[in-house]
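Visitor: One-letter residues, chain by chain:
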Amino acid sequence: MKYNIHMKKICLVIALALFSIQAYAGSCPDGSDPVRSISADGTYFVYNCGNNNNEQKSSSTTSLITEINPVNHSGWEQLSNTMTGISSHNFQYLNDSTKSRRGNQYQRFELRDGDCGSFSDWDDCANDRQRVEFTASPLPPVGKQCMAFSIMLDDSFVTMDSSPTALGQIQQKGGPTGFMEGFKSQPGVLMFHAQEGYYDFDWLYLHGSRTDIKQTDLKFRLLSLDDMKGKWTDISFCLDFAKNNMSLWVDGKRKFDINQPPTGLHMPESIFFKYGIYQSFVSKHSGSTPTQIVYYDEIRRGSSVEEVDFNINPNLKAID
Amino acid sequence: MKSIFQINKIILIVLLSIGAVSTSSAALFDDWTDNQLCEWMDQAIPPAPINSQVMKRNITCSKGIAAVRIVKKVGEAANSYDGAYACILRTESAVGQESIGTAQFIIKDGKISIARKYRYLMTSAISSYDTFEGVIDKDGNIKASFELNPIMHMVEPKSIKFSGNMDSLQLRGRFDEIKSWDNNTKAYVLDENFYPSFYDVIIDFKKENY
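As they're listed, the protein sequences go chains A and B. Heads up, the first sequence is in our numbering, so the first residue is 1 and it goes up one at a time. Heads up, the second sequence is in our numbering, so the first residue is 1001 and it goes up one at a time.
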C-alpha cells in the first residue's frame, strides 16, 4: 500500500516536471528558454530569445514581454500576461511621441490566425478562442472603481465574420456560475466588443440564482470602428458598487449613466480589468482569421473619473 | 417549547418558498424602473429586450428619462382628407430596415382602405390588404389595423394596430410576440428566442393626384 502511494508520488513529480518543461518548450523559436531581464526604464520584464551566434544577435533577437510594472501614477500595481504560447509579435512597446496618445510610449497588440495558448485553468486553443491580453491585479467590488484607456485601431483592422473581438473587458472572480450552451460558465461583468462595424459597451446582465446564473447581453453602441482607425479614442468608465451604477465617457464626454449594480445581485470576490485583443468563437469565421492590430495607451485606474480621464483632468501625468 | 420551534421552522420554510416562487415567476426586467429601461434607449438601435419592454409599458424615453406615451384619441371619421395616397410599407428592427411592399390608400368619408390596383407585398398574400381598416378624423389623426406577416419567415400573421397623422404622413405599428411555425406540432408557437423579438412596421404615404 505504502509502495503504491510512493509510486504515485514519483509519477506525479515526473508528470509535473514534464509539464513544466512543456510549458517552456516552444517559448523561443529555437526551443530554448527565454532569458528574463528588466526593460531600460525598469517598468516591465523583457524575455529575450537570442540566437547563440553573437554576430547575428541584434538582428535575430525577439522580446516576449509578459509583465508590466506600471508607473505609480497609473493607479495599477501590475499588469501581466501569463498565457503560454505567446509570440514576440503579440505585444510590443513603441516609442514615438508623435504617434502615442500622450508621452513617449504606447503599446502595440497584434493577433494572428492561430495565436492561442493556455492558462493554468483554461485552454484557449481547445475552446475556440485566440487572444493576447494583459490582466490587471484584482480589485475588490467596493466603492467606486474607475478605469480608462486610450485605444487606436490599425488602418488594416477588420472584424471577424460574425464573432465578436473583445478590446477591453472586466471579469470577475468568485462570482456566480451557470451553464451556457451546455458548458459551465463563469460570466464576466462587461466587455468592449468590436463587431459588425461598431465598438460596443456590452454589459452582461446577470439574473437567476448564484449557481444557475443566466446572462443577457445589453449593448450600448459607442462609435463606428472606421472612426477608430488611425485615431485615438479615449474611454473611461466608473463602476460604483456603493451607489449601484455605471457611467462611461468617450473622449471626456459622458455617454451614459446606467443605474444598475455593475455585477448584478450576486457579488463576486473581486473584479479584474483585461485589455488587448480577444477573439471568441473563431471557428465561425470562414477561412483564416484576420490579423488584428490594436494600440493602447494611458491605461489608468482610480476612484473617480477625475483620477483617470485626462480629458476631464488635463493635469494627469502621461503614462510611460 | 419544541413544538413552537417546529412551527416557527415550518412558517419560515413556507415564507421562503413563497419568496422563491414569486422571484422565479417574475419576468425579465419586471423589477426595473421605467427610467432604468430608458437609460439604454438613448442610442440608434437599443437592445431588443429593453425596447420591447418599453413598448409593453407604453412609455417613451428621452435622454434616459421615461414619460408616459400620449396616444392621441382619434375622433369621428371626417372627409377633410379624402383622396388617394401612394404608400410604401417597410419594417425596422435590430437587424435593419426592409421594404416590404407598396399600395395605395383610398380615403373616402374619413374611412381608409387599400385600392385593388397598385398592390405589392413581399411577405404575405396580396389579399392581406383586404384586412386593412382605418379611420381619419378632422384633425388628421389616424388609427388603423392590418392583419399580415411583415417578415420573410414562416410566422403567424397577426392584426397590427397602427397610429399616425397627416403631419408626419406616417403610420407606425409593431409586430411582436412572434409565433413561428413548429414542424413537430404543426402549429404556430410563441418563440421567445425569435430574433429580433419585434419589428416596427411603418407605412409612409403621400398625396397623389390620380
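Do not rely on the hints blindly, as some may be mistaken.
Said to hold, decoys possible - Taking lysine-lysine pairs in the BS3-like style, the calculated list, with each CA pair at most 27 Å apart, reads:
| hint | chain 1 | residue 1 | chain 2 | residue 2 |
| --- | --- | --- | --- | --- |
| 1 | A | Lys214 | B | Lys1179 |
| 2 | A | Lys255 | B | Lys1056 |
| 3 | B | Lys1063 | A | Lys243 |
Unchecked claim - Some but not every residue of chain A turned toward chain B, in silico, with C-beta under 8 Å:
| hint | residue |
| --- | --- |
| 4 | Tyr93 |
| 5 | Ser97 |
| 6 | His207 |
| 7 | Arg210 |
| 8 | Leu218 |
| 9 | Lys219 |
| 10 | Ser224 |
| 11 | Asp226 |
| 12 | Ile258 |
| 13 | Gln260 |
| 14 | Tyr295 |
Keep in mind the hints are simulated off the structure, nothing from the lab. Here a beta-carbon is modelled for each residue, glycine too, at the ideal position from N, C-alpha and C.
Visitor: With reference to the structure, classify each hint as holding or not holding.
Guide: Hint by hint, here is what the structure shows:
no., hint, verdict
1, Lys214/A with Lys1179/B, "holds (24 Å)"
2, Lys255/A with Lys1056/B, "holds (26 Å)"
3, Lys1063/B with Lys243/A, "holds (20 Å)"
4, Tyr93, "violated (36 Å)"
5, Ser97, "violated (35 Å)"
6, His207, "holds (7 Å)"
7, Arg210, "violated (13 Å)"
8, Leu218, "holds (5 Å)"
9, Lys219, "holds (6 Å)"
10, Ser224, "violated (11 Å)"
11, Asp226, "violated (15 Å)"
12, Ile258, "holds (5 Å)"
13, Gln260, "holds (7 Å)"
14, Tyr295, "violated (26 Å)"
Hint compliance for this structure: hints 4, 5, 7, 10, 11 and 14 are not met, and every other hint is.
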